[in-house]
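Just so you know, the protein sequences line up as chains Y and V, in that order. Using my numbering, read the first sequence as starting at 36 and increasing by one per residue. Using my numbering, read the second sequence as starting at 36 and increasing by one per residue.
It is worth saying that the hints were derived from the structure and are not from the lab. A hint or two may mislead.
Intra- or inter-copy, both count: the list cannot distinguish identical chains.
Said to hold, decoys possible - Pairs of lysine-lysine, DSS-like flavour, derived with a Cα cap of 25 Å: (1) Lys247 / Lys271; (2) Lys271 / Lys245; (3) Lys245 / Lys340; (4) Lys340 / Lys141; (5) Lys247 / Lys162; (6) Lys236 / Lys267.
Only a predicted model underlies this, so the values are computations on that prediction, with no experimental measurement involved.
Each chain, written out:
There are 2 protein chains.
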Amino acid sequence: MLVGAAEDERVASGVTAVIFTEPAVASIAIHGGAPGVRDTALLEPEMTVPAIDAVVLSGGSAFGLDAMGGAMAYLAGIGRGFPVRSFRIPIVPGAILNDLINGGDKGWGRRPPFWELGFAAAASATKSFALGSAGAGHGAMLYDLKGGLGSTSAVTTRGFLVGALVAVNAMGRATRGPCPHFWAAPYERGNEFGGLGAPEKELASALELKIKGIEPSNTTIGIVATDAPLSKAQMKRVAIMAQDGIALALRPAHAPTDGDVVFAATTGRAATAPDLRDLTEIGMLAAECLARAIARGVYEATSLKNSVAPPCWRDLYGASLSRNGRR
Amino acid sequence: MLVGAAEDERVASGVTAVIFTEPAVASIAIHGGAPGVRDTALLEPEMTVPAIDAVVLSGGSAFGLDAMGGAMAYLAGIGRGFPVRSFRIPIVPGAILNDLINGGDKGWGRRPPFWELGFAAAASATKSFALGSAGAGHGAMLYDLKGGLGSTSAVTTRGFLVGALVAVNAMGRATRGPCPHFWAAPYERGNEFGGLGAPEKELASALELKIKGIEPSNTTIGIVATDAPLSKAQMKRVAIMAQDGIALALRPAHAPTDGDVVFAATTGRAATAPDLRDLTEIGMLAAECLARAIARGVYEATSLKNSVAPPCWRDLYGASLSRNGRR
């Protein structure tokens with residue numbers, strides 16, 4: 036599995052492409068009320084296409100749905116795709132987040148930049164990739180902090196791999212009020228998002244509802260992946276369970292104007308056949324990886340250079356890391 | 036809204052009926068992998084029946100789907116129901132949890148007891164009702180603690196009421212490992228489930244996966260309710276958001292052999308028209324009410340008098356309440 040990114044700093048947006056080196060069995064869960072997706076109907080278990088070549092996450096709101104086309108064109112050029120007679124059709128579902136109102140210059144004229152960003156993201160895919168204000172996370176924002184791209188992984192007790200990649204552009208907060216402590220803290224591993232744990236004393240304002248506004252300018256879009264040989268229907272279960280990670284890390288979650296979408300894909304490369312307990316653990320860890328990835332995306336973000344976007348976690352709270360001697 | 040309960044101590048199972056004094060606009064979200072439901076297809080927004088008369092939660096696994104019939108018969112007898120020519124058809128969707136293996140005597144012969152329990156639960160409905168090992172929570176169990184029936188409520192910033200009622204029979208734990216501290220603690224109000232907050236030091240075992248087993252003998256079934264005049268489609272959004280409460284309170288959640296089902300209903304009695312922000316807050320509070328209700332159901336449970344069911348929270352941890360001077 037390779038990950039590529041492309042950003043346009045003037046536009047303050049970007050694209051992340053996850054490329055499967057072999058077609059991957061995949062499904063989706065859409066729990067937000069305002070999703071923007073492309074070519075996702077085929078991910079339902081009763082649909083025929085057996086596997087996909089890539090997943091693309093893009094900024095740009097629905098204009099960003101061009102990005103999957105760019106990634107398709109790149110993949111077709113290297114011979115990837117579902118064979119239909121003489122054609123090869125790269126199967127590239129994807130989802131967008133709305134970063135239109137983040138202060139970047141969205142006056143792109145006749146042709147939005149997302150198709151080319153999608154092509155560039157796919158073409159740049161490698162095993163290592165940047166977190167924070169990269170790819171689809173480049174222009175992302177939360178209520179009070181800069182959003183970003185996060186990723187984490189875990190291993191089940193029987194050795195199946197689980198990982199998550201997410202672009203966080205949530206309506207509300209990833210922290211327990213105006214403080215550095217992430218909602219996802221109970222699931223943190225190492226100091227992957229600062230190691231600050233829970234606050235010593237909960238802020239009285241922790242449970243206030245603070246949101247950007249009610250326009251559909253919010254979305255957390257992500258992908259969880261495993262190596263367990265699971266069916267498309269089982270990957271749908273993993274996607275549904277993984278959506279819980281959004282609830283564990285963000286408040287509110289799955290709101291009417293959130294476009295929260297989670298893809299779930301498997302390389303199927305593990306030698307062991309997973310049983311129902313394995314599937315349960317994979318789904319649970321997928322949720323917790325996604326929750327951790329959300330916190331990490333916010334933690335790793337850097338600020339946009341304009342007056343509209345909120346500050347990044349590090350600018351506001353970076354000092355608390357050294358104070359606590361955690362880094 | 037009235038709530039009734041009926042239990043059979045020998046069988047170690049029971050039924051909870053939620054009766055709407057006027058038909059309520061309602062929908063459903065099914066996020067578990069092994070649900071048992073009756074007459075729920077009509078709850079989808081595109082279906083025609085505009086409102087329902089009651090929701091029934093029952094023990095007994097799929098045998099418990101008789102209970103809705105008993106509640107229907109009671110309601111028909113008092114003249115309730117959807118008019119079709121000369122008939123009145125009480126609309127009573129419901130869901131079950133599997134308490135078959137809790138040590139109760141399930142040798143009921145030719146006729147399972149759930150139809151009569153459903154009738155009795157509906158007939159007993161009043162404004163006040165018992166929590167803990169009552170109604171559908173009577174025979175419920177978690178991995179290491181007795182389960183039960185819980186309920187909580189909240190009010191949005193603009194004054195809409197939100198409440199939750201849930202029967203907790205989860206696969207895993209409601210606590211952060213083998214300790215009295217509930218996962219739902221960040222959302223607790225007052226000392227509704229002991230007021231113990233988070234543990235001072237997280238147990239190393241907090242994130243171990245501990246489950247009853249992998250048979251489909253697990254389920255958290257609940258209903259959230261509001262007084263906001265919302266459409267059936269909007270109540271579907273509330274149900275989807277409310278499902279997050281299961282993730283906030285139980286680990287694992289929404290597993291392949293969980294039957295997690297959440298109904299969402301509204302009396303529509305509030306005078307104010309809710310906007311999207313209100314809907315967002317209602318859904319968020321529905322999730323948090325459901326999470327709190329789950330913890331409270333476990334907290335209020337009393338033990339079953341047999342050797343199979345796990346101990347109740349109070350028998351194991353009740354002493355920690357006085358130690359902390361919280362009650």
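How the hints compare with the structure:
| no. | hint | in the structure |
| --- | --- | --- |
| 1 | Lys247 / Lys271 | between (31 Å within a copy, 23 Å between copies) |
| 2 | Lys271 / Lys245 | between (32 Å within a copy, 23 Å between copies) |
| 3 | Lys245 / Lys340 | within (24 Å within a copy, 47 Å between copies) |
| 4 | Lys340 / Lys141 | within (15 Å within a copy, 67 Å between copies) |
| 5 | Lys247 / Lys162 | neither (34 Å within a copy, 39 Å between copies) |
| 6 | Lys236 / Lys267 | neither (44 Å within a copy, 40 Å between copies) |
When held up to the earlier numbered hints, the structure conflicts with 5 and 6 and fits the remainder.
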